[in-house]
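> Each chain is listed here by its residues.
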Amino acid sequence: MQFTLLIVVIITAIALVAVALGIGRAISPRSYNPQKGEAYECGIPTRGASWMQFKVGYYLFAILFLMFDVETVFLFPWAVVLQEMGVAGLVSIIFFLVVLVLGLAYAWKKGALEWK
Amino acid sequence: MFDFSIVTQWFHALLLSFLPEGVAVFLECVIIGLFLLLLYALLACALIFMERKVCAAYQCRLGPNRVGPWGIFQVFADVLKMLTKEIIEIRHADRLLYNLAPYIVVVASVLAFSCLPINKGMEILDFHVGVFFMMAASSIGVVGILLAGWSSNNKYSLIGAMRSGAQMISYELSIGLSIMTVVMLTDTMQFSQIVERQADCWFIFKGHIPALIAFVIYLIAGNAETNRGPFDLPEAESELTAGYHTEYSGMHFGLFYVAEFVNMFIVAGMAATIFLGGWMPFHIPGLDGFNAVMDYIPGFVWFFAKAFFVVFLLMWIKWTFPRLRVDQILHLEWKYLVPIGLVNMLLMAVIVVFNWHF
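For the protein sequence lines, the chains are X and R, in the order given. Heads up, the first sequence is in numbering that gives the first Met the number 0, so the first residue is 0 and it goes up one at a time. Heads up, the second sequence is in numbering that gives the first Met the number 0, so the first residue is 0 and it goes up one at a time.
Only chain X is shown next, with the shape it has when bound in the complex (with noise of 0.2 Å):
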């Protein structure tokens, strides 16, 4: 029943953003004018592509943040079973953690929390 139930939830929402468009398209006016289509950049005319590459800083931060976030992955079972296993519980993600701050670590050392 839960699966059914997500089904339905993501069904529901793509039909919630279709009726809200449809309706929208519908009943809202229309005229065409071919300074409607360009981009809009405070009236000055649009200058180069807008697909370029961008500030490497952004990088940085996505590959921190896979770090991280594969970690979280695995601590949150491990918290489940924390009561269960007690010290040794403890003990073991101690390891795992002093690995993920020295990692943390090097990054702040080598200047990449940085932003430049």
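It is worth saying that the hints were derived from the structure and are not from the lab. Note that the structure is a prediction, hence the values are computed from the model and not measured. Be aware that one or more of the hints could be misleading.
No more than 25 Å apart at the CA atoms, straight line, and that leaves these computed lysine-lysine pairs for DSS-like [stated by the list, open to error]:
1) R:LYS334 x X:LYS108
2) R:LYS80 x X:LYS35
3) X:LYS35 x R:LYS154
4) X:LYS54 x X:LYS108
5) X:LYS115 x R:LYS334
6) X:LYS54 x R:LYS334
7) R:LYS154 x X:LYS54
8) R:LYS334 x X:LYS109
9) X:LYS115 x X:LYS54
10) X:LYS115 x R:LYS154
11) X:LYS109 x X:LYS54
12) R:LYS52 x R:LYS80
13) X:LYS35 x R:LYS84
Simulated coverage check for chain R against chain X, where a stretch passes if three residues somewhere in it have a Cβ under 8 Å from a Cβ of chain X [stated by the list, open to error]:
14) 81-87
15) 153-159
16) 323-331
If the Cβ cut is set under 8 Å, some of the chain X residues that face chain R in the computed set are [as the list claims (entries may be wrong)]:
17) LEU5
18) ALA19
19) SER27
20) LYS35
21) SER49
22) PHE53
23) PHE60
24) VAL79
25) LEU96
26) TRP114
Each residue gets a CB set at the ideal place from its N, CA and C atoms; glycine is no exception.
Using the hints provided, position chain R relative to the given structure of chain X.
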């Protein structure tokens, strides 16, 4: 507490008495879908109205007060206005991705929204890995925002989307770390179970110091996750016109706007569920008369009251603090919140293992 599953079971039996099973289940699914749509749309309207009134109060204004008593129909008037605005197709955009983006954003927020346990037996989606599912679903929204910014072929949109992406993925870590402290206390990831375990005491009291720190971190990160408040630089109107939805008009823009407000409610509802006891009433141990009176208030009233209290906190933060710069946002996350979150998590692990919680 009133168990809503009595109603659903009675309704299921009623349908089965004169319909074959397949048709009955289909009908129930349709009703659930309609209920979800109605709740989603009404909540968005309520939140937009509340935002305007709270904002006006903080700026010593009146806010909307012309359409209907206290201006409560202002939002509906705005919805109608938005529906009658032209949906402009811009020429140099990537058509497919440009039209796909609102779908992804709204689907992500509806999926996350349907995970919230509103009342006992009234959760729409209640997986065993509910917390995981919720985080996964809400992180799909980033993809939609990045697509919207990239496909618009507009420099403002692109910058807004990139900032938004960097900010949202960064702050997701803090959300994960602060939710993890509660998962440790409960040893389950199912939302209904998490709420059940708070029958004697809410987690913010049960987990005392680490739970309080986690709650504050969660509020900050949740505020950043929804691109609001002091963290609203992805759509900083004074520098980027409207950020990633600059090129969207009419209802196209309206969907982004609605999803943003419901995302704020999802953050608040999550905070209410995992820290403030969800639909559990407020109990003071020892005062049986007081507890009995509190039990008479239905669960969904408790849930919405707590969620709207957190929404009010988020709005308070938004209208009090000035906007941060992008480097300040990333420093706050990576140099303060992540280390504090990790230490806090370890502290909670020690408290759980040695049973020092209440």
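> The structure should be examined with respect to each hint, and the outcome stated for every one.
Each hint, compared with the structure:
no. : hint                : in the structure
1   : R:LYS334 x X:LYS108 : 12 Å, holds
2   : R:LYS80 x X:LYS35   : 20 Å, holds
3   : X:LYS35 x R:LYS154  : 17 Å, holds
4   : X:LYS54 x X:LYS108  : 21 Å, holds
5   : X:LYS115 x R:LYS334 : 16 Å, holds
6   : X:LYS54 x R:LYS334  : 21 Å, holds
7   : R:LYS154 x X:LYS54  : 13 Å, holds
8   : R:LYS334 x X:LYS109 : 14 Å, holds
9   : X:LYS115 x X:LYS54  : 10 Å, holds
10  : X:LYS115 x R:LYS154 : 20 Å, holds
11  : X:LYS109 x X:LYS54  : 18 Å, holds
12  : R:LYS52 x R:LYS80   : 20 Å, holds
13  : X:LYS35 x R:LYS84   : 14 Å, holds
14  : 81-87               : holds (count 7)
15  : 153-159             : holds (count 5)
16  : 323-331             : holds (count 4)
17  : LEU5                : 6 Å, holds
18  : ALA19               : 5 Å, holds
19  : SER27               : 5 Å, holds
20  : LYS35               : 6 Å, holds
21  : SER49               : 5 Å, holds
22  : PHE53               : 6 Å, holds
23  : PHE60               : 5 Å, holds
24  : VAL79               : 5 Å, holds
25  : LEU96               : 7 Å, holds
26  : TRP114              : 3 Å, holds
When the structure is compared with the earlier hints, no violation turns up for any of them.
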